[in-house]
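**Student:** Dock chain B against the given chain A, drawing on the hints supplied.
There are 2 protein chains.
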Amino acid sequence: MTKQYQAQIYVTLRPSVLDPAGTAVQAGLKHMGYDSVISVRIGKYVEVRLTAQDVADASQKIDQICDQLLANPVIENYRFELEELTTPVNIRS
Amino acid sequence: MTKQYQAQIYVTLRPSVLDPAGTAVQAGLKHMGYDSVISVRIGKYVEVRLTAQDVADASQKIDQICDQLLANPVIENYRFELEELTTPVNIRS
Numbered sequence: 001m002t003k004q005y006q007a008q009i010y011v012t013l014r015p016s017v018l019d020p021a022g023t024a025v026q027a028g029l030k031h032m033g034y035d036s037v038i039s040v041r042i043g044k045y046v047e048v049r050l051t052a053q054d055v056a057d058a059s060q061k062i063d064q065i066c067d068q069l070l071a072n073p074v075i076e077n078y079r080f081e082l083e084e085l086t087t088p089v090n091i092r093s
Numbered sequence: 001m002t003k004q005y006q007a008q009i010y011v012t013l014r015p016s017v018l019d020p021a022g023t024a025v026q027a028g029l030k031h032m033g034y035d036s037v038i039s040v041r042i043g044k045y046v047e048v049r050l051t052a053q054d055v056a057d058a059s060q061k062i063d064q065i066c067d068q069l070l071a072n073p074v075i076e077n078y079r080f081e082l083e084e085l086t087t088p089v090n091i092r093s
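Protein sequences appear in the order of chains A and B.
With the working numbering, the residue at position 61 of the first sequence is 61, and numbering never jumps.
With the working numbering, the residue at position 12 of the second sequence is 12, and numbering never jumps.
Note that these hints are calculated values from the structure, not bench results.
Treat the hints with care, as some may be off.
A pair counts as met if it fits within one copy or between any two copies, since identical chains are not told apart.
To be verified - Taking lysine-lysine and the PhoX-like style, the derived pairs with C-alpha atoms no more than 25 Å apart in a straight line are:
#1 K30 / K44
#2 K61 / K3
#3 K44 / K61
#4 K30 / K3
#5 K61 / K30
Chain A with its partners taken away, still in its complex shape (with noise of 0.2 Å):
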């Protein structure tokens, strides 16, 4: 019986790439009078929901879908956790 998962996934620009987005917040929030703010770094927060045989399966999913379509490798990395869902989820709640 397949079982259903939820990943959270991060992804984010890898620490040597330049994060033009970043700095332009960094910028407003000074102009807003946050002087203590050191660097902001934006990325991208993804929740997937999918059906898997195991957590194994899942990870695996998600592995692929990171490198075919989330992420950028050349210069994004990324990182998430899987967890399962126990009772089915309304997913327009």
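**Tutor:** Then chain B, alone, in the frame of chain A:
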């Protein structure tokens, strides 16, 4: 003495708000053969480094920054985790 903190901030659309970007990614994944994907929701992940007196001060600043700039409270939720940076970090590394 002020300390350095890093906040990991997650900004997500409220569950009742439609996510066209997530729907587009889901359609793309289906087109690529990932039929097991049930839903995709896309949010933002922001890392902010700042100086603060203590963790309560840092937490308050991050709350204000999220409310005023990073999140739109009408359609988005946010949550964050704070950690103290024990050694000064080269932000360009």
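**Student:** Evaluate each hint against the coordinates.
**Tutor:** For each hint, the structure was consulted:
In the homo-oligomer, the alpha carbons of K30 and K44 lie at most 25 Å apart both inside one protomer (23 Å) and across protomers (21 Å), since each shortest distance falls under that limit. Within a single copy, K61 and K3 get their C-alpha atoms as close as 13 Å, which meets the 25 Å cut-off; across copies the closest is 41 Å, which misses it. For the identical chains of this complex, K44 and K61 are neighbours both inside a copy (19 Å) and across copies (22 Å), given an alpha-carbon limit of 25 Å. Proximity of K30 and K3 under a CA criterion of 25 Å is satisfied inter-copy only: 18 Å between copies versus 47 Å inside one chain copy.
Proximity of K61 to K30 under the C-alpha cut-off of 25 Å is restricted to the inter-copy arrangement: shortest distance 13 Å between copies versus 41 Å within a copy.
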